[in-house]
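**Q** What follows is the residue order along each chain.
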Amino acid sequence: MTLPEEEYAEIAADAGSGRVPSRTRVVAARFFGTRQGRLGFALLALLFLLAFAGPLVAPWSYTDMDFSAFMRPPSASHWFGTLQTGSDVFALTLRGAQKSLTVGLLVAVVSTAVAAVVGSFAGYFLGWTDRTLMWVADLLLVLPAFLILAIMSPLLAAGRLLLFALMLALFLWMVTSKIVRGMTKAIKEREYVKAARFMGVPPARIIYRHVLPNLASLLVVDATLNVSAAILTETTLSYFGFGIQPPDVSLGALIADGSRTALYAPWTFWFAAGVLVLAVLAVNLVGDSLRDALDPGAGGGR
Amino acid sequence: MAGFLLRRLVNYAVLIAVATSLAYMLAALALDPRSNYEGRNPRPPAAVVDAQLSLYNLNDRTPLVRRYLRWAGGVLRGDLGRTWNGDRVDAEVRRRVGVTLRLIVLGLVLGSVAGVLTGALAAVRQYGWFDRLSTMAAFVVLAVPTVVLANMLIIMAVWLNDRLGVQVFLVSGEHTPGLDGGVGAGLLDRVKHLALPTVSLALGQIAVYSRYQRNMMLDVLDADFVRTAMAKGLRRRTALVKHALRTALIPAVTYFAFTFGSLLVGATITESVFGWHGMGEELVASIRSNDVNMVAAISCFAALAVLTASLAADVLHAVLDPRVRVS
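Residue numbers (this note's numbering), protein chains in the order written: chain A, 1 to 302; chain B, 1 to 327.
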């Protein structure tokens, strides 16, 4: 694939002034060079825009009930139709998308950070630190996450979105931390890490300066995968009524309610389901292209 | 090898014990079996409720440690306790495991075999039409949550049944109760019930396994041993199946085993949507009905399933990979 004119000019200019293009810029250029990456990013941006700016232009809010329209198909006043209660499906879907996207991003950041810290400390220090941390990881792997989250759902009542996201993140870091641990063990043997150690740089600083940057590509990809994992877990929990609690809504709760009426009132099911599928698809596309863009062995964008 | 296996088993036993105890404590603290009795109309006298709860070791006025010790003692003797209305937990679990197994085994086998074949075929013709098509399809399937997929299948099946005027697919339960007409009719009835849940389980598996298998296969296709095999006169097809596929299967085996372990309680959605009364459905029901002992039993079962699966993966790994046996 040939580079677009301006991009080529930019790189030529960089080379002329003796600067090396920064890694971020290289990765970004490669990422946006693929059709998959552009599509995923555009889709995700569009969904965010819709979820957060949409309510500003919508005629109804998610708590409103229109007592003149129960279970009506989409129309000019209710763009996505209404539910049995008279709630506006458009407003509810946007509110659900807000919650699901927020939870997904928050969980991804927290769980990936935990995986990075736990894995790198275990791999760097080995010995008792390693055994203790990995034992905790095994224990959390063996505990059925869904069951624990469901039992704790009364504690996660309305307004405790942050606590809910933290609980979700608690069950998503274990496998990645094991991979990080293995890679840290290898990185620890490299010359520049040894050099830093012999110069007396404290271990914590070595981990943050030298070990974690080496794992950046793995961690970024893991974070994107965790976004969709978190959104899907939240959906499953909400489907059974253990997730985000009423009066607030999430996509999972909407899908659960909608699936009961989907046969004769398709608008109660398909809009929420569609937004969810699009969101997860977009995140997956972004993750896949990011993996290719970060791979140092790969050539330019395909 | 024996020493290594023994140490592993001891470690697993400790993990299961700690995980189950944690789940019991959490359930005993967070769930409220008392409300099941006090919500009744007419409301039973407090002394009666207390006596009932104490009988089943569910009384929240007994200190947690006393309840835990009594429960743990029972579990050590093989007694998992009683549900909140007095049924034996172990009998209930045994019945439900059978249902879940009948539900997931076919879907798992179909899904893993088809997934591996799809992935291997896609890798052999990388960037060919099959590769592109299967990649896109896998992405779409992975993006569709099980809830949506299962409901889509039901909507499609109902539409198809209406169109054909015959009940080709039955969407609820394991079999039609009170059906008579011999073994043949009974079997056909079960197949009709099983078709949709199997498809919904298998589709997800195919999507996941084909992605893994494709990447593993790509890694080994250019390996020296495959090229050597072909240079020595083996046909491409034989070399790919005997050498490349076998090697690429090794990492996938770990995933098979883990999926099997986690699906035993993880098929919650499939069971709920299609109305099968298995472990997954019981998991949700036991939390709704404040059933402390049942929750603990399910966690114990889940831990056991995951660890058995990981042990099985280790053994299979050794069978497929001679290097493991040597070292």
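One or more of the hints may lead you astray.
Claimed, not checked - One-sided excerpt, in silico: chain B residues whose CB lies under 8 Å from chain A:
1. Ala17
2. Val18
3. Val140
4. Val141
5. Leu142
6. Ala143
7. Val148
8. Asn151
9. Ala157
10. Ile269
11. Val284
12. Val295
13. Ala302
Claimed, not checked - Label-pair distances were calculated between CB atoms; the ranges are:
14. Gly128(B) / Leu39(A): 39 to 49 Å
15. Val57(A) / Asn161(B): 37 to 47 Å
16. Arg35(A) / Arg125(B): 19 to 29 Å
17. Arg209(A) / Tyr127(B): 34 to 44 Å
Please keep in mind that the hints were generated in silico from the structure rather than gathered at the bench. Beta carbons are placed, not taken as given, at the ideal position from N, Cα and C, and that holds for glycine.
**Q** Take the shortest C-beta to C-beta distance between leucine 142(B) and chain A; is it under 8 Å?
**A** holds, 6 Å
**Q** Using the nearest Cβ pair, does alanine 157(B) come within less than 8 Å of chain A?
**A** violated, 11 Å
**Q** Would you say the C-beta atoms of glycine 128(B) and leucine 39(A) sit inside 39 to 49 Å of each other?
**A** At 21 Å between Cβs, range violated.
**Q** Take the shortest C-beta to C-beta distance between asparagine 151(B) and chain A; is it under 8 Å?
**A** Holds. Min distance 4 Å.
**Q** May I ask you to test the hint 19 to 29 Å on the CB atoms belonging to arginine 35(A) and arginine 125(B)?
**A** holds, 21 Å
**Q** Just to be careful: measuring from the Cβ of valine 148(B) to every Cβ in chain A, is the smallest value less than 8 Å?
**A** holds, 5 Å
**Q** Can the hint on alanine 17(B) be confirmed by a CB-to-CB distance to chain A that is less than 8 Å?
**A** With a closest approach of 11 Å, the alanine 17(B) hint is violated.
**Q** Quick check on the hint: valine 295(B) CB to chain A CB, less than 8 Å?
**A** holds, 7 Å
**Q** A closest beta-carbon separation below 8 Å is what the hint needs, so does valine 141(B) meet it against chain A?
**A** At about 10 Å, which exceeds the 8 Å cut-off, the nearest Cβ of chain A leaves the hint on valine 141(B) violated.
**Q** Regarding the hint that isoleucine 269(B) lies at the interface with chain A, is the smallest CB-CB distance below 8 Å?
**A** holds, 6 Å
**Q** Hold the hint about valine 18(B) up to the distance rule: shortest CB distance to chain A must be less than 8 Å.
**A** Status holds, d = 6 Å.
**Q** So, as I understand it, the hint says alanine 302(B) touches chain A; can you test that by seeing if any CB pair is closer than 8 Å?
**A** holds, 4 Å
The structure does not agree with the numbered hints 1, 4, 9, 14 stated previously, though it agrees with the rest.
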